[in-house]
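These protein sequence lines map, in sequence, to chains A and B.
Just so it is clear: in the first sequence, position 296 is 296 by the numbering used here, and no numbers are missing.
Just so it is clear: in the second sequence, position 192 is 192 by the numbering used here, and no numbers are missing.
Errors might be hidden in some of the hints.
Ranges of calculated distance between the beta carbons of each label pair, as one might list FRET restraints [claimed, not checked]:
(1) Pro322/A x Gly124/B: 38 to 48 Å
(2) Lys70/A x Ala74/B: 42 to 52 Å
(3) Lys8/B x Arg329/A: 23 to 33 Å
(4) Val118/B x Pro322/A: 42 to 52 Å
No lab work stands behind these hints: they were computed from the structure.
We treat Cβ as the ideally placed atom computed from N, Cα and C, and that holds for glycine.
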Amino acid sequence: MISIKLDELATRCGEWLRGQGPQSEIVISSRIRLARNLASFPFIRRCSDSDRVAIDKTFREAIGSVPAWKDLAYYNVAELPQIDRQFLVERQLISRELCEAQGARSVFLDAQETYSLMINEEDHLRMQVMHSGLDLESAWDQISQMDDWLADRVSFAFHNRLGYLTACPTNVGTGMRVSVMLHLPALVITQQIEKVFRSLAKMGLAVRGLYGEGSQAMGDFYQISNQITLGRSEEDLIKQVAEVIPVIIDYENQSRAFLIKESRKDLHDRVSRAFGILCTAQTISSEETLHLLSSVRMGIYLGLIKDLEIPTINKLFIHTQPAHLQKLRGVPLETADRNVERAIYLQDHLRRRDNGGAMGQN
Amino acid sequence: MKCQQCEKPATFHITELTGSAPQELHFCEGCAKTYLLQNDGSEPGDSSEIVKVLGGQVKLGKAAEELAKLDQRACPKCGMTFYEFRNQGRLGCPHDYSFFERELVPLIMNIHGEAKHVGKRPRGEAPDIDAQTELIRLRKELDEAVKKEKYERASQLRDEIRLIQQRPLAAAGDKSAADLPPQSSAPNEGETGSSAED
Ligand SMILES: [Zn+2]
Ligand SMILES: [Zn+2]
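Required output: the full structure, derived from the provided sequences and hints.
Written out as structure tokens, the structure reads:
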């Protein structure tokens, strides 16, 4: 087991933001999460401190004995400074729950950041696999294999009729949550997004905006996932989510086409102003940054901004988050200082492309 | 604008999209954190909803006397009472699903529309779940014995725990098998680390 320095991780991007998978102009990432519990311990909320330590140890030994996992990085989340925990949340490698919980808890990560294993989250184990673009099938193959390796080594709580047992009955059965994260700025501008949500809700799918410090979803990113976990096979649940994604992509593309056709000038103006502010601001909040980056991201796709690539913008979404910014600068920063540093960081990465070099930096 | 939970100014404006219609929420930083923590982005369905459904379900068609009796039923492994479950919406241990199955199935039907798992099962022979959940009871009793300074009982319990833990994973119901050295058909603890799956 190795421990990658988190500061080193900060300069990199992570597989899921590579922006290269299928449909990656609109689909950011595909994620599958499995919840598992050991049969020999109470569920987390009823665990004693020593139970939590013992669960952590059980999984550490099991994970450590899987040959394919000998290079995983291990982090004792309970002992990480707040900023490092926040950093892992921003990268979506750990959940907010694991970040803020008390007591023994940890996470295993692979170097490409395609999967993580969280120990002592709401359930004893939460595994997740995250791939760039729309790629649920291979994510399922990967996580199912991970599940098998562990099932050979520990006794998961499994009930003949009810399936995998979880602390909350909303996750019982498959224990699986399939999520696809989409970037839907045109549906937001054309105010079609609520209609889409309502029809998804009717199909039993959950939609959530990624939270930011704003009244709209963070940077127009939305996550679509299955609501139920029991009574259908994993393949069926995945299919249910996967089938609806092309329909939403189509809506988003239609809305983009509509905007181009009906108000090309307004749209071009909006995108150019966003880009201009990001390049020249002297102090900027993370809320405003997300909002503007979202416009720029769409502008690149529509050909309204040249010489800039979507993966560069994907990276900026993450790198301008508070904990990332502080990691990259190597010092703790108050909000006001962060806003200044954020502006400098954006200038460096958006303007320097004009004189060559900067694009190839990472 | 003021935070909807306290008197501080609202600096976080959240659009909750899980319901049928989007809902605007306004919080100060502290209350926003609490809210987000309770509603982790990746997790639809929260415990307060369960508590509501369960409360309605249980009261419906149950006499007060009957309900009081049901409330006192406690899981023999972890000690969780039905009263605690219907107030918190979270279960105490895996055995609760068997112990409270009759009460749980209507709730599960309400959430999932089904009450039968048709997906993946752990591969290989099924582990003896009952012996595994027995460890929960034994550890709890051990804790209490240590607290009450009953060291002889504690040492007995430690032996019992060790005995169960040493059983090979796939040991089926037959308890006498646990005392024998592992047979070649059952995977030995030492071998599990180098199995050939990759
Ligand atoms: Zn407040
Ligand atoms: Zn129990």
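We went through each hint and held it up to the structure:
no., hint, in the structure
1, Pro322/A x Gly124/B: 38 to 48 Å, "holds, 46 Å"
2, Lys70/A x Ala74/B: 42 to 52 Å, "holds, 44 Å"
3, Lys8/B x Arg329/A: 23 to 33 Å, "holds, 29 Å"
4, Val118/B x Pro322/A: 42 to 52 Å, "holds, 44 Å"
When each numbered hint is compared with the structure, no violation occurs for any of them.
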